[in-house]
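Residue numbers (my numbering), protein chains in the order written: chain A, 1 to 166; chain B, 167 to 379; chain C, 380 to 582; chain D, 583 to 705; chain E, 706 to 1090; chain F, 1091 to 1484; chain G, 1485 to 1694; chain H, 1695 to 1797.
It is worth saying that the hints were derived from the structure and are not from the lab. Each hint should be verified, as a subset may be incorrect.
Unchecked claim - Quick list of in silico lysine-lysine cross-link-like pairs, DSS-like style, CA-CA up to 27 Å:
{"#": "1", "chain 1": "G", "residue 1": "K1656", "chain 2": "E", "residue 2": "K759"}
{"#": "2", "chain 1": "G", "residue 1": "K1662", "chain 2": "E", "residue 2": "K1019"}
{"#": "3", "chain 1": "E", "residue 1": "K1017", "chain 2": "G", "residue 2": "K1596"}
{"#": "4", "chain 1": "E", "residue 1": "K1019", "chain 2": "C", "residue 2": "K449"}
{"#": "5", "chain 1": "G", "residue 1": "K1612", "chain 2": "E", "residue 2": "K1017"}
{"#": "6", "chain 1": "H", "residue 1": "K1785", "chain 2": "D", "residue 2": "K615"}
{"#": "7", "chain 1": "E", "residue 1": "K957", "chain 2": "C", "residue 2": "K404"}
{"#": "8", "chain 1": "G", "residue 1": "K1612", "chain 2": "G", "residue 2": "K1577"}
{"#": "9", "chain 1": "E", "residue 1": "K930", "chain 2": "G", "residue 2": "K1595"}
{"#": "10", "chain 1": "E", "residue 1": "K957", "chain 2": "G", "residue 2": "K1497"}
{"#": "11", "chain 1": "C", "residue 1": "K404", "chain 2": "E", "residue 2": "K895"}
{"#": "12", "chain 1": "E", "residue 1": "K967", "chain 2": "G", "residue 2": "K1656"}
{"#": "13", "chain 1": "E", "residue 1": "K930", "chain 2": "E", "residue 2": "K967"}
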Amino acid sequence: MTATFLILAAITIAGTVAAMAMRNLVHCVLALTLGFAGLAALYLQLGAQFVGLTQVLVYVGAVAILAVFVIMMTQKPAQTTESIFSSFWLTGSLIAALVFAVLGWAIYSSRLTSAIVSPHVEAAVRPIGDALMHRFVLPLEIMGLLLTAALIGAVVVAIQEKRGSA
Amino acid sequence: MDEQLKTELRKQGIVATTLQELYNWGRKNSLWPLNFGLACCAIEMIAASMARYDMARFGAEVFRPSPRQADLMIVAGTVTKKMAPQVVRLYNQMAEPKYVISMGACAISGGPFKQGYNVLKGIDRYIPVDVYIPGCPPRPEALIDALMALQKLIDHQPLTGADRPRHLRADAPSEFIVPGFGAHDLEPSQNPEVWNAPLVNISLAGTDDAGKH
Amino acid sequence: MFGEGILKGLAETARNFLGSYVSKKRLTTVQYPEERLPQIEAYRNFPFLVYDGEDWQQGLRCVSCFICEKECPPKCIFIEKSTDKKPDAVGKPQFYPTVFNIDVSVCMSCQICVEVCPFDAIKMDTDFELSTDNRFSGLLWDKKHLAKSNEHYHKIHPTEAAVVDAQLAAERAKVAAKAKAAAEAKPAAAPATPPPVPAATEK
Amino acid sequence: MTNSPYFPVLVLLAAGVGFAIAPLALAWIWAWKFSPRKPGPSKNAIYECGLESAGDAWIQFHPGYYLYAIIFLVFDVEAVFLLPFAVAFTGLTFAAGMAMLVFLLLLVEGLVWAYQKQVLVWS
Amino acid sequence: MIAATEPIRILPKSRADGGEGQFLEVSMGPQHPSTHGVFRMDVVLDGERIVKLKPVFGYLHRNHEKIAEHETYLGSMPYTDRLDYFCSLTNNWAYALAVEKLAGIQVPERAEYIRIITAELTRFQNHAALIGFLTQDMGASGTPLMYAFRERETILDLFESLTGARMMCNYMRFGGCRVDLPAGWLDHAKKFVATLPRFLDEFERLLASNEILMARTQGVGVLSKELAVNAGVTGPVLRASGVNYDVRKVDKYGIYDRFAFKIPMGEHGDTYDRYMVRLLEMRESLNILNQALKDIPEGPIVDPKTRIRGFKPKPGEAYGRIEAPKGELGFYLVSDGTSNPYRYRVRPPSLMNLTVLEQLCIGRNVADVVVILGSIDIVMGEVDR
Amino acid sequence: MHSAIQQADQIFVALQHRVAGYLPVKFQSIADVILSVIAIVLVFAFLFAVTTVLERKGLGRIQNRYGPNRVGPAGFFQPLADGVKSLTKEDLVPRAADQAVHFMAPVLLVIAAFLAYAVLPVGRNMVLADLNAGVLFFFAVGTLVELAVFMAGWSSRNKYSLLGAMRAIAQMISYEVPLVLASIVVIMAAGSLSTVSIVNMQTGYSGIWPHWFVLTPWGFAGFNLFMIAATAESNRSPFDLPEGESEIIAGYYIEYSGFKFALFFLGEYLGMFATSGLAITLFLGGWAAPFSFLTWIPSYLWFFAKLLLMIAIFIWIRGTLPRLRMDQLMNFAWQFMLPMTLINVFAAGVWHFMPGGVIRWLVCAVLLIVPAVLLSRGLKQGKKFEARTYRFAE
Amino acid sequence: MTLENIKSEVEAKVPGCALEIVANPSPSGQHSLRIDPAHAVAIAAFMRDAEHLRFDYCSNVTGIDWPGKEISEKVKVKKLVDGVEQEVEEVRKSQTVGHLEVVYHLYSMEKKHGPVILRMRTEDRAEKVHLPSLTSVWQSADFQEREIFDLYGVVFDGHPDLRRILMWDGFKDHPMRKDYVEPDDYEYEPTAHDEVLERARQHRTVMGAQ
Amino acid sequence: MSSLTSYLLVSALIFSIGLAGALTRRSAILVLIGIELMLNAANLNFIAFWRYGPNPQALTGVMFAIFSIGIAAAEAAVGLGIVLAVYRHSKTTELDQMNSMKG
């Protein structure tokens, strides 16, 4: 457990907490990008360069933008003063705390965690490509199918009024 | 006063002077005008930035459309009463330091149109003007001349002291009241904070000008 | 349709870019304060009062007839007439302006004052470097500021000034002849003859 | 830590932050020392061509942008899968190339569908 | 005191169904880089699409007409310069024409020639500058505008050496012109006019076949023939819509019937047509200029009967109009027999052409609006007077 | 290679090691890094200053005028004056604005712009971080720009800036995919995401001709597509819609004044340099000399010469072309750029699986030209943009 | 196609309308046709649509203000003076009712003839200032009628969007009327003329009182 | 505490934060973001297990993470699209109100 890790973890958690707790939705998304970036840095630290950069590319570059768009398209003209949390926030946070307690307990008590640290490894891109084209060819095609389905589905869901206006 | 303190002071003085020179040099060579034309004079203003006169030589061709990024407001043309609040607001929204060149007769005094009911008799009723260029419209060279006059003006502005320019003083205002539209005229019809012209020489009217006509 | 138009445009700008290093036609900038275009003779900016001879007060051609003041479209001229008379350019005793103000912050350089002046007393100057930081002291020109010599007039508008001078000389000769004739007839009446000013009667 | 390949990036990041912040700090010092900031109600109002800005800019926006964002997202992910393939490409067999082609075609199919639905025509 | 400029509420804040996103109400202008002066459009946007557009003007209302009622007939002449400040000479002409009609004054032949020469030069520089501004509005960083102004400066030099001023010429008088052509002016003008076709070629190469320009202008802002006529649109904008109406041909004012020239006509009525019609009109102007510069006779330049001062036309009224570069410029004068006009009215082409702006812009993009506005060619001095 | 040439080539690297060598061994690697970072920051900031004045002078020359020539020798101190002015200018933040986000936007933009230089090899052995996934790093960092622009436009709470921000995001996301896809052809050929190895792939020569990727059909097409996308990504004319002056005044940075505004300018130009640099790295052989007999000129000079050339082209285009409209821009991205880049990937694949020779060239060229023609037809959507003939009335 | 022809034709086609030819004594010879507001739209539509007239283009729309004049006439009145009825000459002053006039200049783009000038009058200048709008016939009248409304105060019934066009919305006066009083904003005039000077003096007294 | 443990703890924390957000926030958008966070937490687990697992050369964890990112992206697209669609229907993104406006 190094200083780098601590800093990155702190940034990540701060980002995610802020993302979940801030009032202004755009601020939430901006905080979220910080969290995503922190996670990406953690991946990089773990030697998964490709995944880390992909995380930035997809989450910061695309998902956050998507969320921002949706916020822009659904925002209210006036800021509401009422609570940003739902009526059962207490139950919700209790459940979350419980989950964390269970998970933490599990992690802490698990024997897996005492596994030996392997030497420095790095997930180079080329083996990833090889693996993708051989071992994971079927998931890849399924992924393609899924993405196409998501594309069509999301567009169909969002398109409705477009036809109406055109 | 011992020797050491003296040299120290001198050093600081030099620093202050070079700082002032650098500051004035930077300001005067980077006068970005607000992209804003009102009437006829605006065409000569455009002509001044075109190939033949090329205001760009002075680094002043960066016409910024947003007042936030502009340093110089060239009031080029007739300011009507309907437009005056907007002009004042644009001036207000510029960031300090900001300068105003009142270009042409109309902007200075209403010019040929000052007899009109909708024409403001000089933009200096609402905002402070640094340089006036007479002419209807002034030649592009005259605008460049005014720009150089403004540069000279900036060059002589001290950074500290009592006679430092307005934008360096904390107590001097940086924005001025935006006139509102009244039922017959702008309200107020001038801003006494800025407009300190001599009142009309009533004695003139009082004199017996029977011999006049 | 696949970018030829764009390429043509690019070629045109490239030609101008490169041409600017070799051809004056492609680099039309006149670097103003140092370089100047040749003064165009007809150019006018603001009026001035012509005076003949050395003394600007004596030689002023203006007889304060108020025509220019009346005809000035933006009403930027203000004249006050003298109570006494003094000889004018032609030699006739005339009124002269005690106050002659032009507010150049109002003047629209329309030249109508010059056109209507029957005395060739007011002409258009060509100076345009008039930037000032005070509109009251800088742009309200009095008689002293406005008075410029006939030589100055010759310098800025040579052709026009020559014509004016010839006219004036002819008129002067005519008046002199008339005066001579009058002097021979009744020596005392001649100086009081009013000048042929059509507008003066209208006033 | 300094052996990490990301250390230079980190230093560059710091330099970038410094490069952005330093002049702002300098400007702030200048403003504090010499040229006081003078905010005002009209000065710090929103600029709108010289008029008083009426109504909020933060309004509910036209949803046309969203469709582009979706397609962008999908193709972004596609590019993520394409990159490792491209890196490994020189060592790959024809069959692998075909597999990728199938993957691509699947996505292109979505694109073609979007064409036909006129989604990709900016309104 | 009334609260300062509230933009006119044109529409409710969001549409009834509420699903498509709210409308954004924006005022473009009065200070906007491409509203050609102090023009304002209150625009309601749906995304980037224009849902509603209301032109708002009066920001340059300088009371020209009211002032003219207090001025002598001659005194209004310099004020006409400042109407459409690009084309002071055609404004002069239109006003002179109206007064000549009112008072029944004849113009000597040489003066008519000078008028045509100056008017066509004015038309040329106006169109050149307009095309420059139009491309500027399209986002070309000033290059075509600079080229246009390069030629314009030379034309202004010609004006200056003739009239004494670059822009505000105040040159024409009732019954003729103020001064005769200075020595060497004609040769100079001939030489210069001979270089202008080369400039037009350059201009065309630079832009006319540019794909981006075509994409930005073709099919944008289509003005139908019927609407154009009904809305009183005149000038190149009208002719781009395919209506053959040019006051130079219809009224044959001045001596335009002596010159052979053609009227370019558009078919689609879109922005590209308006752009091209102007380019072609510039060529026709050169045509007229060449003929006029060749044929100009010697003679007086002003009707000797006209007086500069004390000009008092008989009671009555007259409407005189010419084909100004922007369209039909008319002056309507009512005389009550005094030296000041009782009523002085300018029929500005820019204002009339603006009538159709709203119809042209609805449903288009923000980017189209500035292009359409640019192609209509307005000058606020004329719109607001 | 002669040692003198080699020395000249490696002079900065050697200098760096020499300076670092004065320090204890423990700090040497850190010093190395810090020195290169300083060099990068200073060089590119300087390049920014020079480019602004070159752009203004170049535009001036295109437009028959001088451009800035009074401040300092030949006007080259102009950016300095602008800098001093910007530094001392009042910093205005609208009252209604989101202050924190408003502040962070330009900072983030500059950071993102600088980060991209980490993986750009500006000369032989002159790269800050030779990352395994260098190209991917570049694109990942590039996404931060979108975020910064959105933050600027949104936080200003100005209608025009918001329009500008929405335009900017829509434009950037639309051209990001083509940008990535256009570079994939190079990655396929190079078999690596590392910028250094991509350049190394291109340093060889056949006769005097270099092995640049741009000299293949797919490389040429890829280069053009990449440059178009890069122009759009860096908001340069004719794709400068987000700040389209004539339409939305100043776009997303309309409310920025003082040095924050200067930072936007800086970020934008740095972004332009970075994408140009990547284009050079991917397609134009990076720091490699264009002909084998010119290899004696130091590698970094070649890189910057190419960079300046790219900048000149950017300026040239800016001086000539009008701006596209939003719908045309978007349609161009999705209906032309995206399919073309995909086809280009396919063409590169075909190239790989075909034996060398003229036939390969032909097949590849046909594979690219035919869809290009068809797609540009489709772009017009039935509308025919063409020069028209006009009738004249007598 | 003389004005008389048009007049008789219109009178035949639009029943009940009153037309009057207004002669123009000036050399321009542009005589005009005064129409009654009640039938204005019908007349205009006829002028536009009639096959041989086709005045499809309304070039110019203008307002003119004709304020009421004071007419003094001498009248002989019988009066009881000192109980005796005498005939006394008396000056009787009467005020004519002023009116606002709107002038339309029509041309035909199709037939290329014109102009034909139409005029309409309001009943007075204060209350009965309503006239029908011809915007429905010629769209070109839109802005110009708004302008007349703004500057003269003629209210055009049936105009689609009758708002002030040149002055701001809160403005109260109609500045082109002959009796418009200009706002007092003459604090300073470097070259004062009599009238201006007088205003400035008044202003000074007003301002000085504060 | 070993490295793996700490990564897993961070992951668990992020998961819980995401869960808490998803359960407590009223805005549907933030609920979706919470779910995204939970997915991300899983990704961190994949990477950490790959890194500290017995056979890092197999890249299984990395591949899992990549596919997971792809799926998460697809989920975000569809999820946010649904939010948009629901918003169009009920003019709100707040879950409470969505419930109350059922039908």
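Each hint, compared with the structure:
no. : hint               : in the structure
1   : G:K1656 to E:K759  : 22 Å, holds
2   : G:K1662 to E:K1019 : 21 Å, holds
3   : E:K1017 to G:K1596 : 32 Å, violated
4   : E:K1019 to C:K449  : 22 Å, holds
5   : G:K1612 to E:K1017 : 34 Å, violated
6   : H:K1785 to D:K615  : 51 Å, violated
7   : E:K957 to C:K404   : 38 Å, violated
8   : G:K1612 to G:K1577 : 24 Å, holds
9   : E:K930 to G:K1595  : 15 Å, holds
10  : E:K957 to G:K1497  : 33 Å, violated
11  : C:K404 to E:K895   : 18 Å, holds
12  : E:K967 to G:K1656  : 49 Å, violated
13  : E:K930 to E:K967   : 20 Å, holds
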